[in-house]
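Novice: In short: position in the sequence shown from 1, add 800, done, that's this note's numbering.
A portion of the hints provided could be inaccurate.
As the list claims (entries may be wrong) - Okay, derived cross-link-like pairs now, EDC-like style, lysine to aspartate or glutamate, Cα gap no bigger than 16 Å in a straight line:
#1 K944 x E978
#2 K853 x D866
#3 K986 x D1033
#4 K928 x D1033
Keep in mind that the hints were calculated from the coordinates and are not lab data.
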Amino acid sequence: MQNTIRIHLPEKVNYIIDTIMKAGYEAYAVGGCIRDMILGRTPDDWDITTSAKPEQVKALFGRIIDTGIQHGTVTVMLDKEGFEVTTYRIDGEYEDSRHPKEVTFTANLLEDLKRRDFTINAMAYNDKAGLVDAFEGLGDMERKVVRCVGDPMQRFGEDALRMMRAVRFSAQLGYEIETGTLEAMKELSPNLIHVSAERVQTELVKLLVSPHPEKLRIAYETGITKVILPEFDVCMETNQNNPHHCYSVGEHTLKAMQEVQQDKVLRLAMLFHDIGKPRTLTVDAEGTVHFHGHPDVSEKMTRDILKRLKFDNDTIYTVTNLVKYHDYDVEPEPKYVRRAILKAGEDIFPLLFEVKRADMKAQSGYMRTEKEKRLADIRQVYEEIIEQKQCVSLKTLAVTGKDLMKEMDMEPGPEVGAMLKRLLDYVMEDPSRNEREILLKAAKEFQ
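Just need the whole structure built from these sequences, with the hints factored in.
Specialist: As structure tokens, this is what we get:
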């Protein structure tokens, strides 16, 4: 037990706790919000645990939503803001590596804390009792360790997703995973097969956008990726005997993720940009390894993986296009850059600078200066094109299909589309041609 630390709880959280305690029950803020407050972070949400039964909590507040009443959880609404309040409970036997068959309510806070995943998430607090830390969560935070509460085999046996959560907390906080916890993960990682793709996706994204995405290596070492992302395991085991590289495909991937900002789409693009390399590997007469055509193979594999993990269509579109064009080379001259923008898409092309820079930083030093200069030159040309509002797509072309049909008596159909593409090609060569009269005249000549 610890009572020396004082935590400033938000006014609404204090109000809920005080209201429950004044009615004769116990109540505490609990879990990740306590960990975050000790670390000086702003919690995403606040969970409250109490000795009061759900119906007793409901009797104390005006607006309540039954969010998980069979597991003892109701949501107290205060000014359109929701706070989950859960009765102390003991979980029964878990039947599917996720859900307990039954829960038993208890009046003992320690029984409730005992069932939680990690010591750093098993602390509770209210202003009267102070910090309740029965499992050395504070000590583990000082030691920078992720450790299961009690027996890790039991904790991970109850909910297999906790193994991914261990890696995620390690990545978010920069902590190591305690040896016993790590060994249990190695033994029980096959159980992740029972966890839904949606839950896996959520944890994977949180890991990737953390300050330490390279901790995905732990998921590989413990057998987690073998279940959720076997394609990555193959990358970890594929060496790149090539002057441009100094890491295996997998290690290069981990390094590339570190080199790009903490953005979901960019981190996913770096995770998958070379995922197709093992399938395209060839070795020349000198023993140098090549991966010809790997961007197209990577794009297809990325689409399949993202669909398997139930990602939304917008994410799939952006990530697969970044993967497809990550290695696309372009001369740093306006007409070539305009065509590259058209090919990749106006929304995709600017993101490629981040992707290419991260990819380059994760390679060997071979020709690094030349590569950096070329990328800077392309960026400069791109910025000039954008600044001058040059036409780089059909939507910025000075004529439309309606213009062609009206001025040239063209019938609706493929012919109109073909003419627009030809006019766009005409403007790509020289942006000064992007004027209505010039384009209509050119269209008549093309006809």
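Novice: Take the hints in turn and mark each one as holding or not.
Specialist: Hint-by-hint comparison with the structure:
1. K944 x E978: Holds: K944 and E978 sit about 9 Å apart, inside 16 Å.
2. K853 x D866: Holds, at about 13 Å.
3. K986 x D1033: Since the Cα atoms of K986 and D1033 sit roughly 15 Å apart, the hinted pair holds (cutoff 16 Å).
4. K928 x D1033: 50 Å, violated
This entry does not satisfy hint 4, going by the numbered hints stated previously; all others are met.
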